[in-house]
Every structure is written in C-alpha cells, then in structure tokens.
Amino acid sequence: MTLISTKLKHYWPLIKSLQTGLLVLTGLTGYVSARCPVYNLTTIISVVGSLFLAVSGSTILNMVWDRDIDAKMNRTKLRPLPTGLIEPHEAWIVGLGFSILGLFWAAYLDLLYALIIFGGLFFDVVVYTIWLKRKTAWSIIWGGISGGMPILAGRALGLGFIDEVGILFMFGILFWIPTHILTFSIKYADDYASAGVPIFPSTYGVNTTRVIISVSSFIAALSMLLSGIMMDLGAGYLRLIAVLAAGLLGLAMSTIFTASERINLGLFKYASLFMMTSMFMVILGAR
Amino acid sequence: MVNFNRIILLLVAVLAGIQIVIGIENCGNIPITYYTFSYGIFLVSALLMLLMGVDIIEHDFAALAASTLPLGFSIGLVAAFMLEYHLAYSSVVSVLYAGLIIQKLRHQDKSALLFQILLHGLTGLVLFILPIILLIQGTVEASYLGISVGTGLVAVGGMALAFLKSGKPILTKDQIYTIFPGVLLLAVFAFSVGIGSR
Numbered sequence: 001m002t003l004i005s006t007k008l009k010h011y012w013p014l015i016k017s018l019q020t021g022l023l024v025l026t027g028l029t030g031y032v033s034a035r036c037p038v039y040n041l042t043t044i045i046s047v048v049g050s051l052f053l054a055v056s057g058s059t060i061l062n063m064v065w066d067r068d069i070d071a072k073m074n075r076t077k078l079r080p081l082p083t084g085l086i087e088p089h090e091a092w093i094v095g096l097g098f099s100i101l102g103l104f105w106a107a108y109l110d111l112l113y114a115l116i117i118f119g120g121l122f123f124d125v126v127v128y129t130i131w132l133k134r135k136t137a138w139s140i141i142w143g144g145i146s147g148g149m150p151i152l153a154g155r156a157l158g159l160g161f162i163d164e165v166g167i168l169f170m171f172g173i174l175f176w177i178p179t180h181i182l183t184f185s186i187k188y189a190d191d192y193a194s195a196g197v198p199i200f201p202s203t204y205g206v207n208t209t210r211v212i213i214s215v216s217s218f219i220a221a222l223s224m225l226l227s228g229i230m231m232d233l234g235a236g237y238l239r240l241i242a243v244l245a246a247g248l249l250g251l252a253m254s255t256i257f258t259a260s261e262r263i264n265l266g267l268f269k270y271a272s273l274f275m276m277t278s279m280f281m282v283i284l285g286a287r
Numbered sequence: 001m002v003n004f005n006r007i008i009l010l011l012v013a014v015l016a017g018i019q020i021v022i023g024i025e026n027c028g029n030i031p032i033t034y035y036t037f038s039y040g041i042f043l044v045s046a047l048l049m050l051l052m053g054v055d056i057i058e059h060d061f062a063a064l065a066a067s068t069l070p071l072g073f074s075i076g077l078v079a080a081f082m083l084e085y086h087l088a089y090s091s092v093v094s095v096l097y098a099g100l101i102i103q104k105l106r107h108q109d110k111s112a113l114l115f116q117i118l119l120h121g122l123t124g125l126v127l128f129i130l131p132i133i134l135l136i137q138g139t140v141e142a143s144y145l146g147i148s149v150g151t152g153l154v155a156v157g158g159m160a161l162a163f164l165k166s167g168k169p170i171l172t173k174d175q176i177y178t179i180f181p182g183v184l185l186l187a188v189f190a191f192s193v194g195i196g197s198r
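Protein chains in written order, with our numbering: chain A, 1 to 287; chain B, 1 to 198.
Think of the hints as simulated: they come from the structure by calculation, not from any bench. All of these numbers come straight from a predicted model, not from anything done at the bench. Heads up, a few of these hints could be off.
[Unchecked claim] Only some residues are given here: those of chain A computed to face chain B with a beta carbon under 7 angstroms:
(1) P13
(2) G236
(3) Y237
(4) R239
(5) L240
(6) V243
(7) S254
(8) G266
(9) K269
(10) Y270
[To be verified] Dumping the calculated BS3-like pairs for lysine-lysine here, alpha-carbon to alpha-carbon at most 30 angstroms:
(11) K269(A) with K104(B)
(12) K269(A) with K9(A)
(13) K269(A) with K173(B)
The beta-carbon is built from N, C-alpha and C at its ideal position, and this holds for glycine as well.
Build out the structure end to end from the sequences listed, making use of the hints.
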C-alpha cells in the first residue's frame with residue numbers, strides 16, 4: 001500500500017495534472033457541444049477516462065524523452081525523472097501503457113474518435129517532442145495541434161464526423177497554446193537557453209514574441225467566438241466568452257506597450273482561466 | 001492579498017458573469033450591449049486583481065478601462081428609457097472618452113483630468129438621477145434605485161483612488177486596497193438589483 005501511494009505521489013507531477021485536466025475538459029466540452037443534453041453516464045466516463053489515459057500517457061512519454069533537458073533547467077530539475085525518483089524504463093512502460101490503454105478505450109467507443117486521439121499523441125510525442133522541440137522554436141505549433149485534438153475528438157465522437165465547429169474549436173486551442181506557452185517561455189528564457197532549447201524569445205526577441213502572443217490571442221478568441229456562434233450557443237454564454245476574450249486581447253496588447261514580468265505572468269494565468277471558462281460556457285450553453 | 005479579499009473578488013467576477021449570462025436577458029438589445037460592456041469591466045477587473053493583486057488598478061491601462069464602467073451603464077440606461085436621446089448622449093460621452101484617451105496618450109495630465117471630470121460628472125449624474133426620476137414617474141420599482149446606489153459606491157471607490165493618485169489620500173493605500181474589493185462587490189450587487197428589477 002505504501003509503495004502504491006509513493007508511486008502515485010511520484011507519478012502525479014509526471015502527468016502535469018492541471019494541463020491534463022484542462023485538455024480532458026476540452027475533450028468533454030467537444031462531446032457535450034455535439035450531444036447536449038447528455039444522459040449517457042457511461043459514455044461520459046469513457047470520454048474522460050480515455051482522454052485522461054491518452055493525454056497522461058503522452059505527457060509521461062514527453063517527460064521521459066526530455067529528462068536530460070529537465071535536469072539542466074532550474075524550473076524542472078526537481079521533477080521525479082531528473083532526480084531519479086522514477087526509473088526511465090519504468091516511466092516508458094507506464095507512459096506507453098497509459099497511451100495504449102487510452103487508445104484502446106477510445107477505439108472501443110468510436111474509431112474516428114480514437115484516430116484523432118492517436119493523431120494528438122503522434123504529434124505530441126513524435127513530431128513535437130522527439131523531432132522538433134530541440135531544433136526549432138516553431139515546434140510549439142505541433143504541440144498546439146496536438147493540444148487541439150481532444151476537443152476535436154470529443155466533438156467528432158458526438159457527431160460521428162468532423163465538422164467546421166470542431167475545426168474552429170481546435171483552432172481556438174491551437175492558438176491559445178502560444179499565449180499560454182510563450183508567456184511562460186519569456187519568464188523562463190534563461191532556463192531554456194541553458195538547456196539549449198530554441199524558443200521564440202531567444203530566436204526572435206521578446207518584443208516579437210509579445211506581438212505573436214497578441215496575434216495568437218486574437219485568433220484564439222475569435223475562433224472560440226465563431227465556434228460558439230456556429231453551434232448556436234445561448235446569447236448570454238456568447239456574451240461572457242466575448243467579454244473574457246476582450247480581456248485576454250487587452251491584456252495581451254498591454255504587454256506590448258507596457259511590458260512587465262507581472263503582466264506577463266498575469267496573462268499566462270488569465271489565458272488558462274479564459275480557456276477553462278470558455279469550455280464551461282460551451283458545456284452550459286450547448287443545446 | 002488576504003484570502004477574504006480573494007473570495008470577495010471571485011464573488012464580484014461570478015456575480016458579474018451571471019449578470020452577463022442571464023441577468024440582463026430582458027433589457028432589450030441595445031441596453032444589453034452596453035450593460036454587458038460595463039459588467040464585463042467589473043468581471044475582467046476582478047479577475048485581474050485576483051490574478052495580479054489589487055494594486056493593478058493603479059496601472060494607467062486599468063484606469064482608462066475603468067472609466068468606461070459608468071459610460072456603458074449610463075448609455076444603456078438612456079437607451080432603455082430615453083431612446084430618442086441615445087445617439088446624442090452616446091456621441092457626447094464617446095467624444096469625451098476619446099478626448100480622455102488622446103490627452104492621456106499625449107501625457108497632457110491636466111486636460112486629461114478635465115475630460116475625466118466631465119465624463120464622470122455627466123455619466124455619474126445620469127446614473128444617479130435618472131433612476132430617481134423614473135421612480136417618481138412610476139416607470140420603475142423602488143429597487144431600481146440600486147443603480148443610484150451602485151453609482152455612489154463606484155464614485156466612492158473612484159474618488160479614493162483619485163485622491164491616492166493625486167498624492168493627497170483620504171485613506172492609506174493599504175486601507176484602500178483592503179476595502180476596494182468589498183466596495184466593488186457591493187456596487188456590482190447594487191447594479192444587479194437595480195437593472196434586474198425592471
């Protein structure tokens with residue numbers, strides 16, 4: 001029992017619970033947006049379970065592959081893999097096991113749903129982590145695409161096919177991710193430099209990065225609004241998303257004109273709040 | 001920031017969010033747009049204070065955004081009850097607001113202050129007096145005076161901040177930051193009672 005609780009304690013930071021939770025929420029939102037009201041609890045549990053396993057699995061695999069980078073960065077050097085709390089081969093097995101289990105569960109639900117989740121896994125682990133992360137700052141685009149897959153998968157599961165609203169949802173996440181990650185990379189630019197990971201602030205400068213953050217915030221906000229309009233979301237819920245989107249855009253633009261560490265961090269937190277609230281609004285307002 | 005104030009700010013955000021989603025549904029299209037705008041200022045300000053600390057309200061950008069709070073409510077009110085004056089009134093306050101922004105950007109603090117006084121004076125007066133007149137005329141219920149109360153509370157908060165910025169504070173900075181979330185909550189509650197009661 002003690003061994004299990006110790007393992008759980010060590011593996012919990014490995015799955016990045018907040019990030020995984022948010023991605024699972026997006027997948028659930030995609031499903032509910034197409035199938036509201038939802039009465040089938042088994043399907044809901046299956047959507048949450050399969051996404052949780054697949055996203056956690058890919059995050060663990062990402063952590064295993066990047067353990068050498070994590071060991072060089074102050075922010076991540078105390079993670080369980082660089083500190084040796086978890087053996088890499090064991091984490092490989094767990095990561096792979098979670099991913100395969102998640103995919104099988106997804107395939108049991110629906111093949112198209114499983115295929116999209118597999119796409120997300122592939123883009124995240126192979127394209128983003130293994131192939132591009134150490135080569136180009138633009139790797140985050142692929143990370144963003146994989147982040148947009150759960151919501152697309154959830155929507156496709158609900159409808160049985162991929163529609164334009166699902167694509168817009170995916171764009172919303174894809175362009176939200178730069179806001180989220182780039183604000184973070186500005187804060188930890190020195191860390192990334194010491195690990196030799198190319199990021200936008202070191203490749204194109206902090207000011208250009210702030211402009212990119214603003215543009216991507218604008219596209220993310222617009223995508224969420226458009227998808228809400230196209231799925232005939234209730235007017236009140238649309239108004240709230242619009243208000244929060246305006247706040248996101250205003251904050252992103254203010255970092256260009258009055259740059260400060262504090263506003264940068266505020267934008268990072270606000271972007272997460274924006275996405276989470278938008279997801280809840282879609283869930284509550286779907287009809 | 002103490003946890004109590006975090007909870008208060010969260011309540012401000014939630015209450016403003018609820019008003020945007022369902023609280024103003026029966027107000028008519030034009031007023032809804034303006035009320036959304038002002039409740040949105042409440043909502044986003046509360047979230048930013050929650051995420052970055054109450055002192056973010058001293059930021060120039062925040063001050064400019066906060067100036068639009070009475071602007072939205074007052075245009076919405078005029079659109080709801082005096083539609084024939086809506087265009088004229090919204091034009092005047094928009095010109096005043098544009099003047100405020102331009103003078104702020106040009107760092108012309110004295111003329112910016114003049115625009116601010118005119119803008120807040122006019123919008124504040126409309127928000128405070130109009131509900132009283134409507135009540136006397138029997139157009140609205142007594143609870144509509146919540147708008148006047150909310151306006152008074154926003155004015156108190158705004159003046160406390162203005163004095164602080166001018167270097168002649170009526171309360172210390174810490175005192176202002178401590179009471180500000182509470183004033184915001186009372187204000188958004190009063191506006192909700194008022195606008196929702198029609």
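Do the hints match the structure? See the list:
no.: 1; hint: P13; in the structure: violated (23 angstroms)
no.: 2; hint: G236; in the structure: holds (4 angstroms)
no.: 3; hint: Y237; in the structure: holds (6 angstroms)
no.: 4; hint: R239; in the structure: holds (5 angstroms)
no.: 5; hint: L240; in the structure: holds (5 angstroms)
no.: 6; hint: V243; in the structure: holds (4 angstroms)
no.: 7; hint: S254; in the structure: holds (5 angstroms)
no.: 8; hint: G266; in the structure: holds (4 angstroms)
no.: 9; hint: K269; in the structure: holds (5 angstroms)
no.: 10; hint: Y270; in the structure: holds (6 angstroms)
no.: 11; hint: K269(A) with K104(B); in the structure: holds (28 angstroms)
no.: 12; hint: K269(A) with K9(A); in the structure: holds (25 angstroms)
no.: 13; hint: K269(A) with K173(B); in the structure: holds (26 angstroms)
Hint violations for this structure: number 1 only, all remaining hints satisfied.
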